[in-house]
Amino acid sequence: MEIETIDINKNIGEVGSILREHDKKRGILIHVLHKIQEDNRYLPEDILRRLSKKLDISLAEIYSVASFYKMFHFTPRGKNIIRVCLGTACYVRGSKKFLAALEDEFGVKSGETTKDLALTLETVGCVGCCGLAPVTTVNEDVIGEMGPKKLETLIKSIREEEKKEEVG
Amino acid sequence: MEKLKNIEELKNLRAILIEEVFKQEKDKLKVCCGLPCSTLGSHKVAKALEEEIFKSGLQIDVVKTGCQGLCQRGPLVRAEPYSYFYQRVHPEKAKEIISITYSAGLPVRELLYRDSFLESPKKAMEEIPFYKKQLKVALRNTGNIDPFNIHHYIAIGGYSAIEKMFSSMSPEDVLEEVKKSNIRGRGGAGFPAGIKWGFARKAPGTVKMVVANGDEGDPGAFMDRSVMEGDPHGLLEGMLICAYAIGAHYGFIYVRHEYPLAIKTLKIAIKQAEELGLIGRNILGTDFDFTVHIREGAGAFVCGEETALMASIEGKRGMPKTRPPFPVESGLWAKSTVINNVETLSNIPYIIEKGADWFLSIGTQNSPGTKVFALAGKVKNTGLVEVPMGITLREIVFDIGGGIIHNKKFKAVQTGGPSGGCIPEQYLDLPVDFDSLSKVGSIMGSGGMVVMDEDNCMVDVAKFFLSFTQSESCGKCPPCRIGTYQMLQILEKITSGNGEEGDIERLESIGELVKEGSLCGLGKTAPNPVLTTIKYFRDEYEEHIHDKYCRANVCNLGIFRIEQEECILCGLCKQVCAFDAVKETRRSFFIDRDYCTKCKSCYYACPVDAVKINKQRDVRREEELKMPGTE
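These protein sequence lines map, in sequence, to chains A and B. 69 is the number that our numbering gives to position 65 of the first sequence; each next residue is one higher, with no gaps. 539 is the number that our numbering gives to position 523 of the second sequence; each next residue is one higher, with no gaps.
Derived by calculation from the structure, the hints in this document are not laboratory data. You may find that some hints are simply not true.
To be verified - In the DSSO-like style, the derived pairs of lysine-lysine whose C-alpha atoms are separated by at most 30 Å in a straight line are:
(1) B:Lys39 x B:Lys195
(2) A:Lys153 x B:Lys337
(3) B:Lys63 x B:Lys152
(4) A:Lys29 x B:Lys492
(5) A:Lys154 x B:Lys396
(6) A:Lys101 x B:Lys152
(7) A:Lys154 x B:Lys616
(8) A:Lys100 x B:Lys337
(9) B:Lys63 x A:Lys74
To be verified - Computed footprint of chain A on chain B; a stretch qualifies when at least three of its residues, placed anywhere within it, have a C-beta under 8 Å from a C-beta of chain A:
(10) 136-150
(11) 230-239
(12) 273-281
(13) 307-315
(14) 391-404
(15) 464-474
We put the CB at the ideal spot given by N, CA and C, even for glycine.
Based on the sequences and whatever the hints tell you, model everything.
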């Protein structure tokens, strides 16, 4: 996404007609941050600097907003993102064990990315799939009723993908 | 689609749609495509069914609906008009469904629901205990229609509430009707929606806002997601009615970023409603304008709090503000704003359509209507249930939920997510409504209901909830920021076996302080899980502190011992022990306590459960005094 060509009025929608210029720019900030993150998988500093100029919001302010929300990241993230749900229902059905197993397997702690940027391991509060607890998500896919067998296939599939890339 | 110019055109369109698109008697296969069923492969089932229908040459519609409720048994399929209810459907079964059900009119027996393999299968949805006690109001359309198709919604009577409203009701009438229905906010606090709307109507200023709060951050709750994904137009219609009543022209739906499907569904719904002229300028030819925007959250639990939510929409850090001024006085961009939960708003069209008296006839006197609960945890049937208020917890857990899995013993039910409390067995006959739940120290909350059995340690559960609220605390006010941290430290200490005399009292006094001193709902309710577990399960806390023992064997506490009489000498425990704590003699294994780190590897490895975890006191009594153990 080109920062310089963002149409502020289009992004804020109808409500823009009653807002001051500065409020409008503020109002689209989180939306734009989502877009940047979608494109880059994290928020690169140079893009945020350009955004700061475009929206007339200081870089410190942008950082303060972005760092408040858990979804925004300032460091590059892995190709695959595994999120282990630690919501109540998953927790009482033992999702902590799966997290520990994945941490051991890939040698990263929760919230970290492997050195080769292949994988990021995270926990999530709840994906709203509690009926199928314990749940783990891989990128956009949800794996429900996680068990030792499903865990093994998951690890295998990621390992295989890694290998393929090494060969290719 | 052409814009509808007046109410007559909407009526005509509905008449046509009922005949042509969504005819009641027509053969339909309703495949649940809610998130849990999709995860279990319902899209593949739908595709297989379509292929089979094409091959057979029959005229059957496949409708991809929102959540039908019984997520545990997904993917779910309903065969209309026979109303056969199929569960755990696999794509390979598509052929049988088409041939047996639609050619012969018979149910496919092996796909029908049954409690256990000894019982005879149940054909219809209504016969299943899970659905028997339910009453669908907010979820009336979820699971019945295709959420991506506005025609389905209109055909089953959607947007008829606004039809009635625009043709015969003034904004004051609408307000009076909602006030009379005494519907209370479904988001947690239970503030009457009608009164809130009344304040907003009276508030000065011409620009007003309506916000639907879909930031469902409570772990273990997913009813708003189901409404947004399964019946988006119901929510839009509710917002429209609210806007008309208070005179607002701008609406926002705040959805959390973790719900991409809900965002997609709502975007499509808004576009379709705009195309038909049900949202936008001059709705149905009247001079009423209302636009709706979606705002995505970015992963902050505290943004479910109304002032924090508004800050987030404005593009700021999602931190709460002091109230007053309340949002109805000065909300989004200092304009008067009504914030209602998604579930509350989706109840509204039905109230307008059927009248407040009808709504008052459901539920209890102080809490009329129904409530959607997300039943999860250790029950047999997990999923989404909507029940009239005043039903007892026992009915929900044992009749609808089918009891505890593996027939273990029920321990507690946790309502209201991390802000709620744990309710023990003695209160199971408590009627579920706003007031009686708060009397026992819990809250209704948004409606998460997590059932726990004897394998769950209550101290660990309290620690879990507190670690959640502690990490989600925005850090603005010290009681919440520091208080929850200190409480968590004490709980860490207790669960790791370093608890001291006085810790329980310390937890209680800090808990009360956090409750009193915090700025917003997050801090005010954060100590609830700890305080209620202390109140009802104090003996478990005491065991952790004095005996260094966890009766549910969750915390790494207690003394590990191999029961010689049960041991089959397989040696697995010795193999798994990373610390060489399991020693072998000629004809027995035993655990050397000096080396044991209580990692529980041997406990899990033992095939005959001969590794026991005991209280220090009991072991000493048995070994030193040679007295028989108490267990």
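Structure-based check of all given hints:
1. Taking the CA atoms of Lys39 of chain B and Lys195 of chain B, the gap is near 36 Å; set against the 30 Å cutoff, the hint is violated.
2. Between the alpha carbons of Lys153 of chain A and Lys337 of chain B the distance comes to roughly 48 Å, so the proposed pair goes past 30 Å and is violated.
3. Of the pairs offered as hints, the one joining Lys63 of chain B and Lys152 of chain B holds, with about 29 Å between alpha carbons and a cut-off of 30 Å not exceeded.
4. A hinted pair counts as satisfied when its Cα atoms are at most 30 Å apart, and Lys29 of chain A with Lys492 of chain B qualifies at roughly 25 Å.
5. A threshold of 30 Å between alpha carbons decides the hint, and for Lys154 of chain A with Lys396 of chain B the separation of about 21 Å falls inside it, so the pair holds.
6. For the suggested pair Lys101 of chain A and Lys152 of chain B, the alpha carbons sit about 37 Å apart, so the restraint of at most 30 Å is broken.
7. Under the criterion of a C-alpha separation no larger than 30 Å, the hint pairing Lys154 of chain A with Lys616 of chain B is consistent with the structure, at around 23 Å.
8. Between Lys100 of chain A and Lys337 of chain B the CA atoms are separated by roughly 35 Å; this puts the pair beyond 30 Å, and the hint is violated.
9. With a CA separation close to 37 Å, the supplied pair Lys63 of chain B and Lys74 of chain A exceeds the 30 Å bound.
10. Counting residues of the stretch 136-150 of chain B whose CB lies closer than 8 Å to any CB of chain A gives 0, so the stated coverage by that chain is violated, three being the minimum.
11. Counting residues of the stretch 230-239 of chain B whose C-beta sits closer than 8 Å to any C-beta of chain A gives 7, which meets the bar of three, so the coverage hint holds.
12. Closer than 8 Å: that is the beta-carbon criterion, and the stretch 273-281 of chain B has 4 residues meeting it against chain A, so the requirement of 3 holds.
13. Interface restraint, the stretch 307-315 of chain B with chain A: holds (7 residues with C-beta to C-beta distance below 8 Å; minimum three).
14. Judged by the Cβ-Cβ criterion of 8 Å, the stretch 391-404 of chain B is covered by chain A as claimed, because 6 of its residues qualify and three suffice.
15. Note: the stretch 464-474 of chain B has 4 residues with beta-carbon separation from chain A under 8 Å; the three-residue rule is met and the coverage holds.
Checked against the numbered hints above, the structure violates hints 1, 2, 6, 8, 9 and 10; every other hint is satisfied.
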